[in-house]
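Position in the sequence shown (from 1) plus 31 gives the number in the numbering used here.
Hints are computed from structural coordinates only; laboratory data are not their basis. Treat the hints with caution; some may be incorrect.
[Unchecked claim] Cross-link-like lysine to aspartate or glutamate pairs, in silico, DMTMM-like; alpha carbons within 25 Å at most:
hint : residue 1 : residue 2
1    : Lys119    : Asp194
2    : Lys119    : Glu218
3    : Lys248    : Glu235
4    : Lys95     : Asp108
5    : Lys155    : Glu274
6    : Lys248    : Glu274
7    : Lys155    : Asp61
8    : Lys155    : Asp112
9    : Lys229    : Glu218
10   : Lys248    : Glu218
11   : Lys248    : Asp108
12   : Lys277    : Glu226
13   : Lys119    : Glu226
14   : Lys189    : Glu316
15   : Lys248    : Asp194
16   : Lys189    : Asp108
17   : Lys277    : Asp157
18   : Lys248    : Glu275
19   : Lys95     : Asp112
20   : Lys155    : Glu226
21   : Lys119    : Asp108
22   : Lys166    : Asp231
23   : Lys229    : Glu316
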Amino acid sequence: MKKKEKVVKEKEYRKPLVKRRKPNRSIIGDIFLYLFLLFIAIVMAFPIIYAVSSALKPLDELFKFPPRIFPQNPTFDNFSDLFVTMGKSWVTFSRYLFNTVWITFAGTFGHLIIASMAAFVLAKYDFPGGQTFFKIITVAMMFTGYVTQIPNYLILNKLGWIDTYWAIIIPAFASPMGLFLMKQFMEGLPTSLIEAAKIDGANEWRVFWTIVMPNVKPAWMTLIIFSVQGLWNNRASTYIYSEERKTLVYALQQIQAGGIARTGQGAAVLVVVMIVPIIIFVLSESQILETMASSGLKD
32 MKKKEKVVKE KEYRKPLVKR RKPNRSIIGD IFLYLFLLFI AIVMAFPIIY AVSSALKPLD
92 ELFKFPPRIF PQNPTFDNFS DLFVTMGKSW VTFSRYLFNT VWITFAGTFG HLIIASMAAF
152 VLAKYDFPGG QTFFKIITVA MMFTGYVTQI PNYLILNKLG WIDTYWAIII PAFASPMGLF
212 LMKQFMEGLP TSLIEAAKID GANEWRVFWT IVMPNVKPAW MTLIIFSVQG LWNNRASTYI
272 YSEERKTLVY ALQQIQAGGI ARTGQGAAVL VVVMIVPIII FVLSESQILE TMASSGLKD
């Protein structure tokens, strides 16, 4: 009897304290939900699929009506013709690529660091004029680049940065979107965590790099996506005039505007232009999901 009582007590002890709630949806509801999500995924992926398939079509298939989604005779001739055309330019393809990579990397890195440091001060410190400054940042988000293009040009001209890389890199540092995003995310970071680090002897710089930045990884990964997308697709034709400093997107779009004979190359240009932002987004998205699933700090 004692053994049976022990077994019963052990079973009672092993019972889960929290009962799992059964979903209220029916099987038909789940099927409908998955079909709806599949439909949304197809709609969102269709432009990318169609762009890639168009780049693989020979010239005669590009002008078929009604147009086909997938190529009947896929070929890489459009890409090879594109690189041949780029090779005939007096500025090499590698130079255009270097210009774009350098502008994108430097602009994104500087924007990330400056926006993060400014957001940390605005989110975790009270000082005179802090709220007013943040309101100015919020208002600045309402103005598009077309509105501020003339004032930016006059300022950059006074500084002597016209026709240099800095004309694109430095304005990217001051994008209000990054500061707003980082500030809003850092406000959810527990202040007690920062105070505990200071009690342990960490200075402001160490708190920022070892405590704050790792815990706001979803925010700065999202910031990288937006910054890379904006800088990679920046033609920079307003501020840069020298051909050897122009970006890859500008050179590719000049080829794309070459007429009917370059329609296939134009389709290849679209794939080349969008491939890097897509790769950055895919890699960053996986990091964001992993970080958000493994972190959940609360005061």
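Do the hints match the structure? See the list:
1. Lys119 with Asp194: Holds, because 24 Å separates the two Cα atoms, which is no more than 25 Å.
2. Lys119 with Glu218: Violated, at roughly 53 Å.
3. Lys248 with Glu235: Within the cut-off at roughly 18 Å; holds.
4. Lys95 with Asp108: Roughly 18 Å between the alpha carbons, so the hint for Lys95 and Asp108 holds.
5. Lys155 with Glu274: This hinted pair is violated, its Cα atoms lying about 45 Å apart.
6. Lys248 with Glu274: Roughly 38 Å between the alpha carbons, so the hint for Lys248 and Glu274 is violated.
7. Lys155 with Asp61: violated, 44 Å
8. Lys155 with Asp112: violated, 55 Å
9. Lys229 with Glu218: Judged against 25 Å, a Cα distance of about 18 Å means the pair holds.
10. Lys248 with Glu218: Answer holds: Lys248 to Glu218 is near 14 Å, not above 25 Å.
11. Lys248 with Asp108: With a Cα-Cα distance of about 41 Å, the restraint between Lys248 and Asp108 is violated, given a limit of 25 Å.
12. Lys277 with Glu226: With Cα atoms ~48 Å apart, Lys277 and Glu226 exceed 25 Å; violated.
13. Lys119 with Glu226: Status violated; Cα separation ~61 Å.
14. Lys189 with Glu316: violated, 40 Å
15. Lys248 with Asp194: Since the Cα atoms of Lys248 and Asp194 sit roughly 35 Å apart, the hinted pair is violated (cutoff 25 Å).
16. Lys189 with Asp108: This hinted pair is violated, its Cα atoms lying about 47 Å apart.
17. Lys277 with Asp157: Roughly 43 Å separates the two Cα atoms, so the pair is violated.
18. Lys248 with Glu275: violated, 36 Å
19. Lys95 with Asp112: holds, 21 Å
20. Lys155 with Glu226: Given pair Lys155, Glu226 holds - Cα atoms ~11 Å apart, limit 25 Å.
21. Lys119 with Asp108: holds, 17 Å
22. Lys166 with Asp231: Since the Cα atoms of Lys166 and Asp231 sit roughly 34 Å apart, the hinted pair is violated (cutoff 25 Å).
23. Lys229 with Glu316: violated, 32 Å
Going down the numbered hints, you'll see the structure goes against 2, 5, 6, 7, 8, 11, 12, 13, 14, 15, 16, 17, 18, 22, 23, while the others check out.
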